[in-house]
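Combine both chains into one complex, guided by the hints.
What follows is the residue order along each chain.
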Amino acid sequence: MSVTVYVPRDSAALAVGADRVARRIADEAARRGLDVHIVRNGSRGLFWLEPLVEVRTERGRIAYGPVTPDDVPSLFDAGFLSGGAHTLHLGPTEEIEYLKNQERLTFARMGITDPLSLDDYRAHDGFGGLRHALTLKPEEIVQQVLDSGLRGRGGAAFPAGIKWKTVLEAQAAQKYIVCNADEGDSGTYSDRMVMEGDPFMLIEGMVIAGLATGATQGYIYTRSEYPHAIATMNEAIRLAEAAGHLGGFKLEVRKGAGSYVCGEETALLESLEGKRGIVRAKPPVPALAGLFGQPTVVNNVITLASVPIILARGAAFYKDYGMGRSRGTLPLQLAGNIKHAGLVEKAFGVTLRELLYTYGGGSASGRPIKAVQVGGPLGTYLPESQWDVPLDYEAYAAIGGVLGHGGIVVHDDTADLSRLARYAMEFCAIESCGKCTPCRIGSTRGVEVIDKISQNQNRTQQVQLLRDLCDTMVHGSLCAMGGMTPYPVLSALNHFPQDFGLVNPDPQAA
Amino acid sequence: MTTVSTAETLALVDEVLTRRAAEPGALLPILHELQDALGFIPADVVPRIAEALNLSRAEVHGVITYYHHFRSQPAAGRVLQICRAESCKAMGADDLIAHAEHKLGCAMHGHSIDGAYTLEPVYCLGLCASSPALMLGDELHGRMTPQRLDALLAQEAQP
Numbered sequence: 000m001s002v003t004v005y006v007p008r009d010s011a012a013l014a015v016g017a018d019r020v021a022r023r024i025a026d027e028a029a030r031r032g033l034d035v036h037i038v039r040n041g042s043r044g045l046f047w048l049e050p051l052v053e054v055r056t057e058r059g060r061i062a063y064g065p066v067t068p069d070d071v072p073s074l075f076d077a078g079f080l081s082g083g084a085h086t087l088h089l090g091p092t093e094e095i096e097y098l099k100n101q102e103r104l105t106f107a108r109m110g111i112t113d114p115l116s117l118d119d120y121r122a123h124d125g126f127g128g129l130r131h132a133l134t135l136k137p138e139e140i141v142q143q144v145l146d147s148g149l150r151g152r153g154g155a156a157f158p159a160g161i162k163w164k165t166v167l168e169a170q171a172a173q174k175y176i177v178c179n180a181d182e183g184d185s186g187t188y189s190d191r192m193v194m195e196g197d198p199f200m201l202i203e204g205m206v207i208a209g210l211a212t213g214a215t216q217g218y219i220y221t222r223s224e225y226p227h228a229i230a231t232m233n234e235a236i237r238l239a240e241a242a243g244h245l246g247g248f249k250l251e252v253r254k255g256a257g258s259y260v261c262g263e264e265t266a267l268l269e270s271l272e273g274k275r276g277i278v279r280a281k282p283p284v285p286a287l288a289g290l291f292g293q294p295t296v297v298n299n300v301i302t303l304a305s306v307p308i309i310l311a312r313g314a315a316f317y318k319d320y321g322m323g324r325s326r327g328t329l330p331l332q333l334a335g336n337i338k339h340a341g342l343v344e345k346a347f348g349v350t351l352r353e354l355l356y357t358y359g360g361g362s363a364s365g366r367p368i369k370a371v372q373v374g375g376p377l378g379t380y381l382p383e384s385q386w387d388v389p390l391d392y393e394a395y396a397a398i399g400g401v402l403g404h405g406g407i408v409v410h411d412d413t414a415d416l417s418r419l420a421r422y423a424m425e426f427c428a429i430e431s432c433g434k435c436t437p438c439r440i441g442s443t444r445g446v447e448v449i450d451k452i453s454q455n456q457n458r459t460q461q462v463q464l465l466r467d468l469c470d471t472m473v474h475g476s477l478c479a480m481g482g483m484t485p486y487p488v489l490s491a492l493n494h495f496p497q498d499f500g501l502v503n504p505d506p507q508a509a
Numbered sequence: 000m001t002t003v004s005t006a007e008t009l010a011l012v013d014e015v016l017t018r019r020a021a022e023p024g025a026l027l028p029i030l031h032e033l034q035d036a037l038g039f040i041p042a043d044v045v046p047r048i049a050e051a052l053n054l055s056r057a058e059v060h061g062v063i064t065y066y067h068h069f070r071s072q073p074a075a076g077r078v079l080q081i082c083r084a085e086s087c088k089a090m091g092a093d094d095l096i097a098h099a100e101h102k103l104g105c106a107m108h109g110h111s112i113d114g115a116y117t118l119e120p121v122y123c124l125g126l127c128a129s130s131p132a133l134m135l136g137d138e139l140h141g142r143m144t145p146q147r148l149d150a151l152l153a154q155e156a157q158p
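Residue numbers (numbering that gives the first Met the number 0), protein chains in the order written: chain A, 0 to 509; chain B, 0 to 158.
If we strip away everything but chain B, and leave its shape as in the complex, we get (with noise of 0.2 Å):
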């Protein structure tokens, strides 16, 4: 799988680089911005961020693939995120993630069968006075159950 990006990709990347190189530690800020804007960090732009921070690509690859977070390759859709953590346990999370891996047809870290999602954990979403809580795509919610997911996710399907 090689990830060719596009002129205009390249171009927000430069724009980026130039922009934030000479701050202080600026990899971490620079990898955001440009999973942000593109939702995942492309290989192919990896050299270039190295060559602007005067890194090697081993220490620019190393940076994403440590932080959970950054993405090699695009989510397949909207991300589900369901927290796993200790206080949502203790109201029912390990459920509520079976019945979600159920109805999605994927296991945690993977798609769902119609592309629609990527299901994946979290741990902790400073919800645990609510728990079980989840986040799907930037909104979160709290006091979950399999049914109030159901109504979420048919909620999601209507036009």
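Same shape as in the complex, but just chain A (with noise of 0.2 Å):
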């Protein structure tokens, strides 16, 4: 009887071996006579156990990892494929802490699945929310999305009901559903995951924000940094429409060319539309005058792919989660100097104490944690002052940081966060798309600035001068890229000045 053996394909199970590794189990199998099938699965997101085997068996499916191909033979003598003994053997999957105790509602199906298999998508619940919407007039479907509290995962955090019924109103010949797929920001992948790993859920959501507002063409617009997602989107939406399940809507994914700011929507649309990725002035919103002038609802992959589970689940079901005006999961994404660095989906309320220590192990250099930024590098560097706060968009806000799209980068006591902050100056001037002058300009200056601080040169005065750069980029700018540098910057100098040779504290630190 032939044994199911699971090698996952996402791309940081492939970045540290996952096809040599599959290729040595099939060699190892095929040489001792054994019936192995292998399923390239997703990744689980528990990205410091990859290469993380699978084995089904009676008991379940027991995980063994980091492997490497080395180690197959051994595990080939240890009887992996009943579960056997051995040093990698990591038990039932389901089992493993870091992954029990999530609450995996949009990453239910990560890893367990093969993402280009519609027959496991299908016993595996999906399109149970689409045939629900399919049952339902397009009020309805925006109703539920609105009941459901779901806002914007990309990091505006904007209702997405009232953007979908903003569309859903609006008269055209033409609408449309962009997924914004451009994750441009370090410390985030769970976008890359979904494409990767449940590409049919987020095809699923689309479909759905189409019979809601009227839309029948979708774009999925992603990064050339992306191969794979590219690659397995393109097949999925192929399998997907074969088998009828795209009704009519039509769905394309387009590439980006390496411009983080195409990230911000409107930019975005001017790049799809085949123009430089420049941000455009609002209003209009998109929502009214999008793509190619027309109602567009620009929605992030998490949002969208959020969509199925409140259609399938009722929006009662996925509302009890979280807290405040913060409802439903989010996917955080714990990365940087942090020892189980991965995937942990949970309901907004969460510690970010709890995700470095219970989740993340602590650093992965075993040096205290220093600093810790939230929501991607225009989010601001925490202190561990700030560490219990829980993760809420509100709770945040108060706290002047950013919670965003819930992606972690963790930096140890070696860290020198006058550095990161130019860094963050550095970043904008590369990215800056050059409309808006305090970005285009204030970026250069804000790294010479804070040059002329490292080196002592005036310093007291330049840090004023910072300030008031900052505060010029904050309120001057057209989108986020000038209008949130500031953030890490000020963030660095505020909760870390003695890495500004400041030897006291800043008396107007926030």
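The reader is advised that the hints may include incorrect statements.
Said to hold, decoys possible - Derived lysine-lysine pairs resembling DSBU-like cross-links, with alpha carbons at most 35 Å apart: (1) Lys254(A) to Lys318(A); (2) Lys254(A) to Lys281(A); (3) Lys164(A) to Lys136(A); (4) Lys102(B) to Lys254(A); (5) Lys102(B) to Lys338(A); (6) Lys102(B) to Lys451(A); (7) Lys164(A) to Lys318(A); (8) Lys318(A) to Lys338(A); (9) Lys249(A) to Lys281(A).
Rather than coming from a laboratory, the hints here were simulated on the basis of the structure.
Dropping the structure here:
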């Protein structure tokens, strides 16, 4: 009888040798005359254990990891095909604490299924949301999304239902659903995981969005840095369409070309139209005048991927998770200097400290954690005094922080926050679209001023100048690129003044 | 530096333009397809693209130069992209980059002494949980160290 072995095909598993491990397992099985069926599943998101190999046994799936090609013969010797003991043996996958204690709604299928198997998708509750949506009127679908409390998971946290309602009520011959899959922020990879690990869920979410708003054309705009995600999405669209799951909704993947600011929704639309990805002034909002001037829903991958379960299980089920006005779950992405880097889907309200130590296991280097940047490169650096704030949009906003898309990058005590602040300005200078002056020029001046502070040239005066410059960028920039670059810079300055050569902490520090 | 494209290249360009010019927002997909096939966007195909899409040459030039991904010159050899975003920085990307620059004898955006590599920064490959990360050609590598990079380059050098 054939034994099923799972070896992930997620980029992060491939980057640490999953293909070589899969080949070695196939070769070793052939050599021993054993019948092994290898499934290339998505990743469970326990990345420090990748390549995480699983074997299907009578006791459920048993995990081994991280597996190198050289470990494979000994795994066979140890009888891993029936869950045998081995130094890499991790026990039943579902019982691994990191995974067991999560609240996986959006990532429920992640790592379990073959991403390109429609049968697998259906067998694991796939298309339940779409089936229900097909029995509803557009207004009723929109009402479900409104009632669920779902807010945009791309970072701005705008209620998804309100955006959908605006597009539904707009009169136009053509409307569009645009999936913002331009995941350019360091510390984020959940969009990539969805596209590579459960692409039919995103497709289902977009088809539902089309039914809800009257849009018949969808685009997934993603990054040239994500070749595997692009290939998987293209294949998934082909399979779903051939099986009749799109119901006339047209769906296409469009590839960006290495421009960070194209993650901003209006710059993204310009890029989709074949132009330089430069930010548009709002209003009009894209919901009224978006792609090619037509009403357009622009939602992030996780936002659209959260819709199927809301339609399948009901708005109340989803809304039951979370706290305050932050409803449902957020895929938190642990990265940087952290021992157990990986994906943790939890209801809003978990604290950073819990994530860093209960899940993350502390720093990878074993040194004390010094600063944690939450919400991407435009998010603030949080010192230890802020690690007990619950992860909730409003609670973070109250401390001047950004929860954003849940990206978390950890730095140990060797990090120099003045260097990271300088990097934030430098990144803005490289990636600014150039349309507005505060961002285009301010970022270059910001690098120079931080250099002067580091070199102690009129330090006190230059620190004041940096604050003034940041103030201009916050209030004068057209979009978040220039408007939020001051967040990491000022948080570094306020919380870690010693790194800027300021012996006495700044009395104005927040 | 003027690039004079061969008849074969121009025929390919015309074929791509004929097939895709009518797509909504066709310019980026066209540039991607040409760069994938040719390795870069030769200067003398710009007027052809502009004409096919009813754009000015300046508009097409503006798009090519706006995006980091598009090249107006061929890369020297294999492209080695090392991530220098925050997560990778937290795990030693700066040291890895310094090592690569020393090893290849060039700075970022430069070509190695032997012409075998073009070294470029990249801002996030989505491998933040396996930092530091790099992409060599179209192959991804995570949990990189200077030693592992040396081994990777040595492996590449083998016939």
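For each hint, the structure was consulted:
1. Distance check on the hinted pair: Lys254(A) and Lys318(A) sit about 34 Å apart at the alpha-carbon level, within 35 Å; holds.
2. Between Lys254(A) and Lys281(A), the direct Cα distance comes to roughly 24 Å. Compliance with the 35 Å bound is thereby established for this hinted pair.
3. At most 35 Å may separate the alpha-carbon atoms for a hinted pair to count; Lys164(A) and Lys136(A) meet this at roughly 13 Å.
4. For a cut-off of 35 Å, the pair hint linking Lys102(B) to Lys254(A) stands: about 33 Å separates their Cα positions.
5. Distance hint between Lys102(B) and Lys338(A) is fulfilled; the C-alpha atoms sit about 29 Å from each other, no more than 35 Å.
6. Only pairs whose Cα atoms come within 35 Å are accepted, and Lys102(B) paired with Lys451(A) is accepted, the gap being roughly 31 Å.
7. Our distance criterion of 35 Å between C-alpha atoms is met by Lys164(A) and Lys318(A), whose separation comes to about 19 Å.
8. Taking the CA atoms of Lys318(A) and Lys338(A), the gap is about 32 Å. The hint holds against a cut of 35 Å.
9. A threshold of 35 Å between alpha carbons decides the hint, and for Lys249(A) with Lys281(A) the separation of about 28 Å falls inside it, so the pair holds.
Of the numbered hints stated above, none is contradicted by the structure.
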